[in-house]
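**Student:** Chain residues, written in single-letter form:
2 protein chains.
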Amino acid sequence: MVENFDEWFHDILEQANITDSRYPIKGMAIWMPYGFQIRKHTMAIIKKLLDKDHEEVLFPMLIPETELAKEGIHVKGFEDEVYWITKGGQTELNEQLALRPTSETAIYPMYALWIRTHIDLPIKYYQIVNTFRYETKHTRPLIRVREITTFKEAHTAHATKEESDEQIQDFIEIYKEFFDDLGIPYLISKRPEWDKFPGADYTMAFDAIMPNGKTLQVGTIHNLGQTFAKTFDITFEDKEGEHKLVYQTCAGLSDRVIATVIGIHGDDKGLRLPPKVSPNQVTIIPILFKKGKEEVLAKCDEIKEQLESKGLRVQLDDRDIRPGKKFNDWELKGTPVKLELGPRDLENNITIAMQRDVEEKIELPLDDNLADSVIELLDKTTENLSSSAWNFQEEHVKFTEDIDEIPELVEAGNVVKFYWCGDEAIGKEIEEKTGYDILGIQEEVSEGKCIASDNDAKYIALIAKTY
Amino acid sequence: MVENFDEWFHDILEQANITDSRYPIKGMAIWMPYGFQIRKHTMAIIKKLLDKDHEEVLFPMLIPETELAKEGIHVKGFEDEVYWITKGGQTELNEQLALRPTSETAIYPMYALWIRTHIDLPIKYYQIVNTFRYETKHTRPLIRVREITTFKEAHTAHATKEESDEQIQDFIEIYKEFFDDLGIPYLISKRPEWDKFPGADYTMAFDAIMPNGKTLQVGTIHNLGQTFAKTFDITFEDKEGEHKLVYQTCAGLSDRVIATVIGIHGDDKGLRLPPKVSPNQVTIIPILFKKGKEEVLAKCDEIKEQLESKGLRVQLDDRDIRPGKKFNDWELKGTPVKLELGPRDLENNITIAMQRDVEEKIELPLDDNLADSVIELLDKTTENLSSSAWNFQEEHVKFTEDIDEIPELVEAGNVVKFYWCGDEAIGKEIEEKTGYDILGIQEEVSEGKCIASDNDAKYIALIAKTY
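Protein sequences appear in the order of chains A and B.
Using my numbering, you'd call the opening residue of the first sequence number 769 and step up by one each time.
Using my numbering, you'd call the opening residue of the second sequence number 769 and step up by one each time.
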């Protein structure tokens, strides 16, 4: 799988009924029923986290050209990627309409209307929507697409710079909790100046290391300062009656989150889904013979009900096919726990439980404690998936003080940490010399020498091969 | 409100924080936080109903022109309403892409790939998505829009015509249950030939009578026969090894459902939300004086927790404003039950409960039964809203055998039932003469004379002023 991760990833999406890429537009795929359920449970986690302190809204998908063009730096960052509507019916439109590539220019003109005084602040809204990018690069389902079907974007406005900086920290904490729930490890860094969001003061990013060592940007958090406030004239009257510009932040997540759940936890046999997002947390597979068939099925129904009453998502696979085929199917689809029940098990009043992440089979008594035992196995699965993923990340982040070592380390599937003085010209020189991208600054340091200059190091930075 | 329903409706949407129509594209509005919650709870009901027997999926939003154009009758029905993308970035696209007006032509080419044999049937998929219509008529938020933000479309394929007809009945039952949950009355009719869905064999529709007597089409169910199966070559191998075309149905609901919840239940004071979809089912309003303030607030928190533990959605309005203002706010926003608690109530160990739909205040003891008492009030509210809406509908459907009476009855705010022979030319003559639309056929009859010809009546049909 590591050797040919991209192929593995492509194949598993169709085999496990996650997406179908045969839709007749490049870079746009269909969420199939099983994939849709994974997506739904994943989004439920982030919604729950955001709903504590943010409000969900929904903005129109189209943006008039005049609004999109107002913020110069921003539009420059997106102008090659925007889809344009020029016709309604048989009529040429007076003004072309953009399919949102992201919603700053849809939302902020309204913030200018809604925000009047300090009492209206902070505003913390989010939406989960589809956005569009006319990608000219090679597209990959969930990773590089033309329709981002699942774009969570949060947009906040504050009275002071301090509050906006605190909001950035809040988003970091929310994202940490989100990825922890998924068992997905992350590297947090401050993106270099030349790679920040168009219009932002600074950008914080979450990257995940995929099994082939390439990193995937899975979450971004931007402090927008007053750039958009100036452009869209978003002001408020403070307590003293003075009119001031707001400070803004925004933060995004996308389909890529689900790409990491699939790619990072998966193995040669298929998916290994974290229980929190698995469509079925438990799949019951009856072993049926002519004799005792009804008794076994009745017991399976009973077990299903017993587990569901504890809030578990349970599937009873009673298809008329060989049990071996069922085991393979659910292995591929990554059900965290499978329960097998045949006539002899029924006689012995046990069921055979198998965790997806470990090979062993264990016997569980069919008694009142069954649900608790299953929940324990699910919790173990969650822990195992998370710890093995974090171990992988730890093993694949290497430090070097020698710039010539970087290519070898990266080609071996690592992200590389190095000392950097922070100078933009030197940074770009490092990228050019190695051929990789600087992800960003991970921490400040007061020791060491820059890897590519005589300057003192100011930061530990990360460099990697990226998606 | 009845006198000027359209104005009332327009105003309440903004006052109650449901939508904001000041977005700079005509016919596209923003779902504000309170409205978004109503939408969310409404969609949760239909999802739950569909999930029993259908699977949720998500198709791309764009449709290549070649696919959209394949089904001739269908495309003719939509060609004046389709938004076209002609540019990606600075590049002219080789093929223009349509913003889906509905998804038949996006979904059915994939059905042709997915359906191989009778084992693959039936397929029952649905999605909830945004769709687009370039409306040239006067737009109204939630009622006639250019971005339908909430389009629930279900698409099924079957081996036989009988199964497809049964599916139509299933959809009717699902929609009945859905609208019953919302307390929204409906008229079900079979649309006349000239008003059926472009490409359908026949269309069944749900219409709701708004307070001004105009009807709003709120749900449609189409038997597509084999029209699309022929166009997109959707075939299956039956048990005998013969290749056959599938039979298809589709069924839609939209934002208009929420328009009925607002418009039909609302009154001069604002919204009256059915508990199932109200963002807060209970709003607690503390009456605070300097003395005993903390004790009252502590008790309010306790009540909130007590009610939430029973699964209720509860808001404690502890804003620093006059209680009278809070009562007005929540009256406007339609919270089904308000609980008032002041220091004297605390002394007497009671809270004052007010249902939104009736004027009286009642005292509820602050004991372990409080949640049950509140749930009883919520259930009463649900019943009251539903029965008063159904009474309104009953009073506003009138039968006549005299075509000259129709205008007077319709202008007085009624839907009119009449005998019809079913002949298309006669039907169109009735529409032309009265100036209203025939909604469709409600039932077959074997008595009576057609209202506009010498023919025997075959049907009872409905005619109305429509949105």
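The set of hints was computed from the structure by calculation and includes no laboratory data.
The reader is advised that the hints may include incorrect statements.
Copies of the same chain are indistinguishable here, so a pair counts whether it falls within one copy or spans any two.
[As the list claims (entries may be wrong)] Within a straight-line C-alpha distance of at most 27 Å, the following computed DSS-like cross-link-like pairs (lysine-lysine) qualify: (1) K892 - K794; (2) K816 - K920; (3) K1007 - K1058; (4) K964 - K1007; (5) K815 - K920; (6) K816 - K1078; (7) K998 - K794.
**Student:** The structure should be examined with respect to each hint, and the outcome stated for every one.
**Tutor:** Results of checking the hints against the structure:
In this assembly of identical chains, the alpha carbons of K892 and K794 lie at most 27 Å apart only when taken from different copies (26 Å versus 35 Å within one copy). In this assembly of identical chains, the alpha carbons of K816 and K920 lie at most 27 Å apart whether taken from the same copy (13 Å) or from different copies (24 Å). Only between protomers do K1007 and K1058 lie at most 27 Å apart by alpha-carbon distance; the minimum there is 25 Å, versus 80 Å within a single protomer. For the homomeric pair K964 and K1007, neither the shortest alpha-carbon distance inside one copy (34 Å) nor that between copies (59 Å) is at most 27 Å.
Taking the shortest Cα distances, K815 and K920 sit within 27 Å of each other both inside one copy (9 Å) and across copies (21 Å). For the identical chains of this complex, K816 and K1078 are neighbours both inside a copy (20 Å) and across copies (19 Å), given an alpha-carbon limit of 27 Å. For the homomeric pair K998 and K794, the shortest alpha-carbon distance between copies (26 Å) is at most 27 Å, but the shortest distance inside one copy (38 Å) is not.
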